[in-house]
Amino acid sequence: MKSDCKRLILAFLFSCAAIIAANLMAGKALAGSLRLTLAPAENFAGIANAKAHSLALFAEIGKVLTSPRCMNCHAANDRPRQGDSGRLHQPPVFRGPDGLGLPAMRCPICHLATNFDPARMPGNKPWLMAPSEMTWEGKTLSQICVQMRDPKLNGGKSLADLVHHIGDDELVGWGWNPGIGRTPAPGTQEQAKALVQTWVDTGAECP
Amino acid sequence: MSAISLKINGKDHGPIEVRDDLSMNDFLREVLGMTGTKFGCGAAQCLSCAVIVDDPDGTSATMPTCTAPAMNFDGKSIRTVEGHASNGQLTALQEAFIRHFAFQCGYCTAGFLNEAQVLLERLEHQPVAREALEQTILVALDGHLCRCTGYVRYHEAVRDVILAQPARYLL
Numbered sequence: 019m020k021s022d023c024k025r026l027i028l029a030f031l032f033s034c035a036a037i038i039a040a041n042l043m044a045g046k047a048l049a050g051s052l053r054l055t056l057a058p059a060e061n062f063a064g065i066a067n068a069k070a071h072s073l074a075l076f077a078e079i080g081k082v083l084t085s086p087r088c089m090n091c092h093a094a095n096d097r098p099r100q101g102d103s104g105r106l107h108q109p110p111v112f113r114g115p116d117g118l119g120l121p122a123m124r125c126p127i128c129h130l131a132t133n134f135d136p137a138r139m140p141g142n143k144p145w146l147m148a149p150s151e152m153t154w155e156g157k158t159l160s161q162i163c164v165q166m167r168d169p170k171l172n173g174g175k176s177l178a179d180l181v182h183h184i185g186d187d188e189l190v191g192w193g194w195n196p197g198i199g200r201t202p203a204p205g206t207q208e209q210a211k212a213l214v215q216t217w218v219d220t221g222a223e224c225p
Numbered sequence: 113m114s115a116i117s118l119k120i121n122g123k124d125h126g127p128i129e130v131r132d133d134l135s136m137n138d139f140l141r142e143v144l145g146m147t148g149t150k151f152g153c154g155a156a157q158c159l160s161c162a163v164i165v166d167d168p169d170g171t172s173a174t175m176p177t178c179t180a181p182a183m184n185f186d187g188k189s190i191r192t193v194e195g196h197a198s199n200g201q202l203t204a205l206q207e208a209f210i211r212h213f214a215f216q217c218g219y220c221t222a223g224f225l226n227e228a229q230v231l232l233e234r235l236e237h238q239p240v241a242r243e244a245l246e247q248t249i250l251v252a253l254d255g256h257l258c259r260c261t262g263y264v265r266y267h268e269a270v271r272d273v274i275l276a277q278p279a280r281y282l283l
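Top line first, the protein sequences correspond to chains X and D. Read in order, the letters of the first sequence are residues 19 to 225 in our numbering. Read in order, the letters of the second sequence are residues 113 to 283 in our numbering.
Errors might be hidden in some of the hints.
[Claimed, not checked] Counterexamples of contact, computed for chain X against chain D with all Cβ distances above 12 Å:
1. E60
2. D116
3. T132
4. D135
5. K175
6. P196
7. P202
[Said to hold, decoys possible] Within a straight-line C-alpha distance of at most 27 Å, the following computed DSSO-like cross-link-like pairs (lysine-lysine) qualify:
8. D:K119 to X:K143
9. D:K119 to D:K188
10. X:K143 to D:K188
11. X:K143 to X:K175
12. X:K143 to X:K69
13. X:K157 to X:K170
The hints are simulated quantities; they were obtained by calculation from the structure and are not laboratory data. Backbone N, C-alpha and C define an ideal beta-carbon position, used for all residues, glycine too.
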């Protein structure tokens, strides 16, 4: 009877260990699928054709734009997403008229000025969703490109505004310092700024 | 480690040394022994841990304490569930919660009470029309989770308090 009990306990412990290992491997696989590096803008200087040069730069910028750190807040349907998997935000919060949530569930109520890693709570001041005209979820990189370079589609932003937004904005910069449990956006914000600036300088071509 | 000072229910606390990774919920419950503020989901999803933060501009809002560092409350003035009744006299809200049997296990009650209190204070300054009252209460209590009695009884209790003094809270 005692040995049966021991076997049951051992089987239970092995099952737990197997589940934990599987989860860890799944997490590692997910993290591994996200690109962490960004090629510097200078690496593309050898491309002689101006259009090809610009397109290559945008493809590299696309690694940042499609990172979950950007996509989760450039989400569709007025609902932010979260995590590296881009699951719907819990609790169920919505954009609200100013991008800061609805009256009873405002973003800054939980998202403070800095990350609070013990509670896995990301933070930055301000913390808000991207404007609805800059929704990227469900779009191809080509569609994102057309949308973001056209002031009629991007909420009136110039190309210089885009360089400033990606290169200097503090909330965008959080993407490279997202706290524990979240994969940072590829490369650095400085590299991303240089890539966007060079893309603009080379004609801001879209794939 | 950092030293924080704050006002809780009108009483000054601190300076008290706290670890950088200490949550406000642990600070209240473990350091100060104020266990009226509950620890629920630990992810700011149930709001049972919400306290009232009073801004210097005279406005107030609730804030979850489970996901916020204690350091963030340095210099702030907050109210917890322990601060509602005075001299053993319950507030109209607390009495209405009891009258309506709004809570059963009581785990979410502190959060609901704080949220409803903030709503009452807001309505005193920004009254709404009677027709907008149901929606106003719904929106205010949205986000607070209750697993026992549901939400209708809390809603009815808050509505009762407001309708008992229409000149104070309604247009």
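The hints, checked one at a time:
1. At the 12 Å boundary, the C-beta of E60 of chain X stays outside the reach of chain D, the nearest C-beta of that chain being 39 Å off.
2. For D116 of chain X, the requirement that its beta carbon stay farther than 12 Å from each beta carbon of chain D is met, with the minimum near 16 Å.
3. The claim that T132 of chain X lies off the interface is violated: its Cβ sits roughly 8 Å from the closest Cβ of chain D, which falls inside the 12 Å cut-off.
4. Distance to chain D contradicts D135 of chain X as a non-interface residue, since its nearest Cβ pair spans about 7 Å, not more than 12 Å.
5. With a least beta-carbon separation of about 32 Å from chain D, K175 of chain X lies farther than 12 Å from that chain, consistent with its non-interface assignment.
6. A cut-off of 12 Å between C-beta atoms confirms that P196 of chain X is not in contact with chain D; the least separation is 15 Å.
7. With a minimum CB-CB distance of about 21 Å to chain D, P202 of chain X clears the 12 Å threshold, and the non-interface call stands.
8. With a C-alpha separation of about 24 Å, the suggested pairing of K119 of chain D with K143 of chain X holds against the 27 Å cut-off.
9. Proximity of K119 of chain D to K188 of chain D is assessed by CA-CA distance (about 6 Å); at most 27 Å being required, the pair is judged to hold.
10. Of the pairs offered as hints, the one joining K143 of chain X and K188 of chain D holds, with about 18 Å between alpha carbons and a cut-off of 27 Å not exceeded.
11. With a C-alpha separation of about 22 Å, the suggested pair K143 of chain X and K175 of chain X falls inside the 27 Å cut-off, and the hint holds.
12. Only pairs whose Cα atoms come within 27 Å are accepted, and K143 of chain X paired with K69 of chain X is rejected, the gap being roughly 38 Å.
13. For the hint pairing K157 of chain X with K170 of chain X, the CA-to-CA distance comes to about 17 Å; that is within 27 Å, so the pair holds.
This entry does not satisfy hints 3, 4 and 12, going by the numbered hints stated previously.
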